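Residue numbers (our numbering), protein chains in the order written: chain C, 3 to 420; chain P, 3 to 420.
Quick caveat, the hints were computed from the structure, so don't treat them as lab data. In this text, all values refer to a predicted model and were calculated from it rather than measured experimentally. The reader is advised that the hints may include incorrect statements.
If you want the ones that stay clear, here's a sample from chain C, every Cβ over 12 Å from chain P, calculated [as the list claims (entries may be wrong)]: (1) Gly45; (2) Ala117; (3) Ile151; (4) Pro158; (5) Tyr206; (6) Glu283; (7) Glu335.
In silico DSBU-like cross-links for lysine-lysine, where the CA-CA straight-line distance does not exceed 35 Å [stated by the list, open to error]: (8) P:Lys231 with P:Lys150; (9) C:Lys160 with P:Lys197; (10) C:Lys160 with P:Lys185; (11) P:Lys208 with C:Lys197; (12) C:Lys132 with P:Lys374; (13) P:Lys318 with P:Lys247; (14) P:Lys318 with C:Lys418; (15) P:Lys160 with C:Lys318; (16) C:Lys394 with C:Lys372; (17) C:Lys160 with P:Lys132; (18) C:Lys374 with C:Lys395; (19) P:Lys207 with C:Lys118; (20) C:Lys374 with P:Lys132; (21) P:Lys374 with C:Lys318; (22) P:Lys150 with C:Lys394; (23) C:Lys160 with P:Lys374; (24) C:Lys347 with P:Lys372; (25) P:Lys318 with C:Lys207; (26) P:Lys395 with C:Lys132; (27) C:Lys394 with P:Lys160; (28) P:Lys132 with C:Lys318; (29) C:Lys160 with P:Lys208; (30) P:Lys185 with C:Lys132; (31) C:Lys347 with P:Lys347; (32) P:Lys347 with C:Lys374.
Listing some non-contacts, in silico: residues in chain C with all C-beta distances to chain P over 10 Å [as the list claims (entries may be wrong)]: (33) Ala39; (34) Lys41; (35) Pro73; (36) Leu129; (37) Thr144; (38) Ala239; (39) Ala246; (40) Ser312.
By construction, the Cβ of each residue, glycine as well, lies at the ideal position given by its N, Cα and C atoms.
Number of protein chains: 2
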Amino acid sequence: MIAEIIAAGSEMLTPHRQDTNSLYLTERLNALGVAVAFKTIVGDNLQHLTDAARIALHRADIVIFSGGLGPTEDDLTREAAAAALGLGLHRDADALTAMYKRFAARRMTMPPNNAKQADLLAGAVVLENKNGSAPGQWLDTTVNGHRKIVILLPGPPKELMPLFVEACEPLLARELPERHFAKRILRIALMPESKVDSLAAPIYKKFADVETTILAHSSEIQLHFLCAKPTLAEAHARVDAVAAKVEDALDEAVFSNNGQTLEEVVLLRLEMRGLTLATAESITGGLISQRLTSIAGSSRTFLGGAIVYSPWLKTKFADVPEALIRKHGTVSEAVTKALAEGIRKQTGASIGLAITGVAGPGDLTDTNGKEKPAGGVYIAIADGRSTESTHKKFAGDRERVRTFAAQQALDLLRHKLI
Amino acid sequence: MIAEIIAAGSEMLTPHRQDTNSLYLTERLNALGVAVAFKTIVGDNLQHLTDAARIALHRADIVIFSGGLGPTEDDLTREAAAAALGLGLHRDADALTAMYKRFAARRMTMPPNNAKQADLLAGAVVLENKNGSAPGQWLDTTVNGHRKIVILLPGPPKELMPLFVEACEPLLARELPERHFAKRILRIALMPESKVDSLAAPIYKKFADVETTILAHSSEIQLHFLCAKPTLAEAHARVDAVAAKVEDALDEAVFSNNGQTLEEVVLLRLEMRGLTLATAESITGGLISQRLTSIAGSSRTFLGGAIVYSPWLKTKFADVPEALIRKHGTVSEAVTKALAEGIRKQTGASIGLAITGVAGPGDLTDTNGKEKPAGGVYIAIADGRSTESTHKKFAGDRERVRTFAAQQALDLLRHKLI
Chain C
3 MIAEIIAAGS EMLTPHRQDT NSLYLTERLN ALGVAVAFKT IVGDNLQHLT DAARIALHRA
63 DIVIFSGGLG PTEDDLTREA AAAALGLGLH RDADALTAMY KRFAARRMTM PPNNAKQADL
123 LAGAVVLENK NGSAPGQWLD TTVNGHRKIV ILLPGPPKEL MPLFVEACEP LLARELPERH
183 FAKRILRIAL MPESKVDSLA APIYKKFADV ETTILAHSSE IQLHFLCAKP TLAEAHARVD
243 AVAAKVEDAL DEAVFSNNGQ TLEEVVLLRL EMRGLTLATA ESITGGLISQ RLTSIAGSSR
303 TFLGGAIVYS PWLKTKFADV PEALIRKHGT VSEAVTKALA EGIRKQTGAS IGLAITGVAG
363 PGDLTDTNGK EKPAGGVYIA IADGRSTEST HKKFAGDRER VRTFAAQQAL DLLRHKLI
Chain P
3 MIAEIIAAGS EMLTPHRQDT NSLYLTERLN ALGVAVAFKT IVGDNLQHLT DAARIALHRA
63 DIVIFSGGLG PTEDDLTREA AAAALGLGLH RDADALTAMY KRFAARRMTM PPNNAKQADL
123 LAGAVVLENK NGSAPGQWLD TTVNGHRKIV ILLPGPPKEL MPLFVEACEP LLARELPERH
183 FAKRILRIAL MPESKVDSLA APIYKKFADV ETTILAHSSE IQLHFLCAKP TLAEAHARVD
243 AVAAKVEDAL DEAVFSNNGQ TLEEVVLLRL EMRGLTLATA ESITGGLISQ RLTSIAGSSR
303 TFLGGAIVYS PWLKTKFADV PEALIRKHGT VSEAVTKALA EGIRKQTGAS IGLAITGVAG
363 PGDLTDTNGK EKPAGGVYIA IADGRSTEST HKKFAGDRER VRTFAAQQAL DLLRHKLI
């Protein structure tokens, strides 16, 4: 069975609004074993919407409409579906009563326009909408001798999502062979997509029954493994097998195999070892600390730190000798190591992490008179026994350099805590 | 004239990848006065793509294909368009030569498969692609007695965008009445969308020739005013007039009328007054400082500060008396004011900004034994003469509370600098 999703709404034909419901619906449909073959986006125009409905009923087995079920004159999905199917609409007394009750429960009077939300396609079943006034509709019918399932869903994602999962999936599952679905995600920091794929492809290509997707988000690569089987145990066995082999091949480059973010992994490893952390950020200006503090419970291991954007705050908050800054410049291995050691001592943390660099645009004439190139970054980690440091050069604009620099710092810390 | 955009590519029928080219194309088409009436997304399937092309040629005047022009067997847009139009394809000698030269310039041998990228629809004009190997195509033709403009564009945005602007827009402009296009954007922090609209709608509704769009991005509302006129001066006059009236009505809630971000406005106002800034962040953990340092040149006014996540760093880095923390708790007006004053003195900045709060999930049992509710936030600003403070309560999850808290702090600082 193949599906088509029709998103109704003129706002999705502007440069400002995207149809996002279809991504969710596609994920859920794929899990049931249904492929989405077409997506159509159409405005609030009865003729356009009716034509789109007619075409979809011709080429797909399951046609899902999202949006256009509201009470205004622009809400035309019911009318268009009825016209395309050659069916009448009738006002459903139970649905109407439910709507009156919904308004009454909020001590509001239902505006007369809303009544049209109770108009049902002949033969359709009401899908009760707990999160909004427009009910969904499910129709199992025949068009030119072919069976068609037609589903009408309200547009707001908070209404559409639960309605699809709770009301439509059980109905669809009855029509489809039983399938259970397992997923594993490997997350990799700072490795080029082509390198990840060259290491992973020889492995995942041997798992023809596992669907592998590579997603690249700037400084992170994700490998998604998805498998559908008659039983959950079989599906899990397959994704676990491919994920384990690929993780072996990628080795320590994989920072997470269970959905955790890099900052979660770092905080967890600190906590497991009873360690605390403080940061001294110059180039990243708070990016690292805000990522760490975005995680609930981070205060158990992350003490805080300093944003040492101006040179003299490196001395004030992390005791970096002024002479060192004059001699080597702020963006240097020596100053970054001193920053890591200084912030550790000042805060009493087990580990001090420091980062300096040139975000750009343009190079920096440093405090020692030397030119430091845009994209150059120093990272140092001090643990009281020793201080390690690293120098990296990132390409791209200010935002990319800062994002990669923060990612690199967190990934170095993760490696140190392995 | 109405347009349909057909995005070809099976990856856009997965849950992971969205068609984004159409947003860009829609913006550019609207500026020329062309409305997009349909968007269709279809996989790499010759039958599906041909059907979609046939339907689009029936219902739209301008049909733009994006993607499917590559060299692989999955790239079928040329073949599908030819089949739907009932036209042949011929291999264009000039386009083929250009492709050989392109590969030779990179000291590479062109794979034989690539030759099919030189297959042109009969009567089509080549649109030279400077950023990739697949040329675009432009065809001005007639289908069932109706004039149709058919445009084939490569899928990668870096190829599609310049090809559309440089090659297609001049050709389209010849077919359309001359229009020039002016835009103004007002940005408003922390006002509910409904309130912005209730103040702005009575004004912008009087400007029927200006298209007004309200966009809400969590803690920021944007009002976009767009106008197309035969001359640029006329278009500018209209958007300037509506923007000025709406800005008057919204008064100081508007933080930017020229595209600047809130952090840019704050930094500019500091610089104009010769002031410097330091921050002490607890709840936001670096969100404020990373926003400020995301702006090139921020080091002229932003000195840095401290991430005072653990209570004792409030004392260490900003001299907040321990007794004050014990008595009032870390999330309190007294401690936040002391933090703002302390960070100002420690750093030597003109202005100290401090923020504390409970990001959640869950309430906080503070150092003084009192329960502090999730979402509660204190912000203080010290300038050496006086210290102002504010208490806010934000709803939502940890991310939302932190985002709104940072936005509120920057907006208070903006107000102080007016």
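So, going through the hints one by one against the coordinates:
no., hint, verdict
1, Gly45, "violated, 6 Å"
2, Ala117, "holds, 25 Å"
3, Ile151, "holds, 18 Å"
4, Pro158, "holds, 14 Å"
5, Tyr206, "holds, 16 Å"
6, Glu283, "violated, 7 Å"
7, Glu335, "holds, 21 Å"
8, P:Lys231 with P:Lys150, "holds, 25 Å"
9, C:Lys160 with P:Lys197, "holds, 23 Å"
10, C:Lys160 with P:Lys185, "holds, 33 Å"
11, P:Lys208 with C:Lys197, "violated, 57 Å"
12, C:Lys132 with P:Lys374, "holds, 33 Å"
13, P:Lys318 with P:Lys247, "violated, 49 Å"
14, P:Lys318 with C:Lys418, "holds, 27 Å"
15, P:Lys160 with C:Lys318, "violated, 46 Å"
16, C:Lys394 with C:Lys372, "holds, 18 Å"
17, C:Lys160 with P:Lys132, "violated, 44 Å"
18, C:Lys374 with C:Lys395, "holds, 11 Å"
19, P:Lys207 with C:Lys118, "holds, 28 Å"
20, C:Lys374 with P:Lys132, "holds, 33 Å"
21, P:Lys374 with C:Lys318, "holds, 32 Å"
22, P:Lys150 with C:Lys394, "violated, 53 Å"
23, C:Lys160 with P:Lys374, "holds, 30 Å"
24, C:Lys347 with P:Lys372, "holds, 31 Å"
25, P:Lys318 with C:Lys207, "violated, 56 Å"
26, P:Lys395 with C:Lys132, "holds, 28 Å"
27, C:Lys394 with P:Lys160, "holds, 27 Å"
28, P:Lys132 with C:Lys318, "violated, 52 Å"
29, C:Lys160 with P:Lys208, "holds, 34 Å"
30, P:Lys185 with C:Lys132, "violated, 41 Å"
31, C:Lys347 with P:Lys347, "holds, 22 Å"
32, P:Lys347 with C:Lys374, "holds, 31 Å"
33, Ala39, "violated, 6 Å"
34, Lys41, "violated, 4 Å"
35, Pro73, "holds, 18 Å"
36, Leu129, "holds, 22 Å"
37, Thr144, "holds, 21 Å"
38, Ala239, "holds, 23 Å"
39, Ala246, "holds, 23 Å"
40, Ser312, "violated, 4 Å"
When held up to the earlier numbered hints, the structure conflicts with 1, 6, 11, 13, 15, 17, 22, 25, 28, 30, 33, 34, 40 and fits the remainder.
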